[in-house]
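**Student:** Sequence:
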Amino acid sequence: MGGVMPQTDTGLALSHFDTLKMLHEMRQPLTAMLADAEAALRWMNKGSADASEARLCIERIVRNCHRTADAIKDLSGELLATDAVLQGAEINQIVCDLVTLMTSAFQSHGITVEVDLAEGLPTCQGNRLQLHRVIGNLVTNGIEAIAPGTDRPRILSIRTGSNEHADLLISVEDSGLGIDPMYIDRIFDPLFTTKEEGTGLGLAICRAIIEAHGGCLWASPREPHGSAFHFIIPAARATGSTASFAGQPSST
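Numbering of the sequence shown is given in the working numbering, commencing with residue 626 and proceeding in unit increments.
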């Protein structure tokens with residue numbers, strides 16, 4: 626990864642923190658819209674024969690505009706509120722929607738996306754927009770980790786599954802540069818970042834959202850190269866504590 630720039634100013638004003646959080650959450654859909662807009666222009670410049678591809682890009686832009694509006698509404702109210710309205714959410718559908726929305730981003734970075742969705746998964750009792758935000762953030766981080774480029778395959782994998790307790794398991798893995806072991810325990814700390822232009826908020830927000838859903842989020846090395854992020858959340862019918870998952874760190 627790039628040069629490490631830990632950000633740990635505990636005196637940061639709450640209003641400043643909230644503003645940074647808002648900016649961070651807006652960046653992902655705006656980046657996707659920009660990629661789609663540029664792709665649409667390329668298709669349109671090729672002539673009317675490719676108008677259908679341009680239309681698909683524009684349709685994704687419209688969906689991301691709606692998503693941005695929803696995010697603004699959500700962040701203006703209770704992004705991480707424990708009393709947020711929870712509904713039955715299908716995690717596989719969230720993944721499929723996200724992959725569709727980010728198609729241009731994958732293509733522009735030359736990344737092959739591998740999606741492995743377990744069949745017959747139960748729904749989870751959760752906030753669909755927030756879960757979409759978590760997976761989207763992990764996918765965006767994976768794209769950025771792969772973007773610097775090497776000679777090895779540029780692959781991003783998304784997997785869903787469940788365990789014997791019917792907890793839902795989601796993993797996002799990339800073939801990028803990986804995480805320095807000395808920072809793997811700090812990457813979820815608010816305002817800590819290893820990116821030159823990072824805010825240090827993305828993973829902290831993701832972990833807070835998953836914990837608000839009764840789950841946990843952690844990172845591990847991906848063999849032989851890259852990083853893997855996993856989270857586990859209870860299914861809608863689960864009321865007990867979450868179970869362990871391969872690679873999950875012990876509770877402290």
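What the hints contain is simulated information worked out from the structure, not anything from laboratory work.
Treat the numbers as computed from the prediction; the structure is a model and nothing was measured.
All C-beta atoms, glycine included, are put in the ideal place defined by N, C-alpha and C.
Any given hint could turn out to be false.
[Claimed, not checked] Label-pair distances were calculated between CB atoms; the ranges are: (1) 809 <-> 739: 22 to 28 angstroms; (2) 732 <-> 690: 19 to 25 angstroms; (3) 809 <-> 680: 26 to 32 angstroms; (4) 671 <-> 788: 44 to 50 angstroms.
**Student:** Each of the hints needs a verdict: does it hold here or not?
**Tutor:** For each hint, the structure was consulted:
1. 809 <-> 739: 22 to 28 angstroms: holds, 23 angstroms
2. 732 <-> 690: 19 to 25 angstroms: holds, 20 angstroms
3. 809 <-> 680: 26 to 32 angstroms: violated, 43 angstroms
4. 671 <-> 788: 44 to 50 angstroms: With Cβ atoms ~48 angstroms apart, the hint holds.
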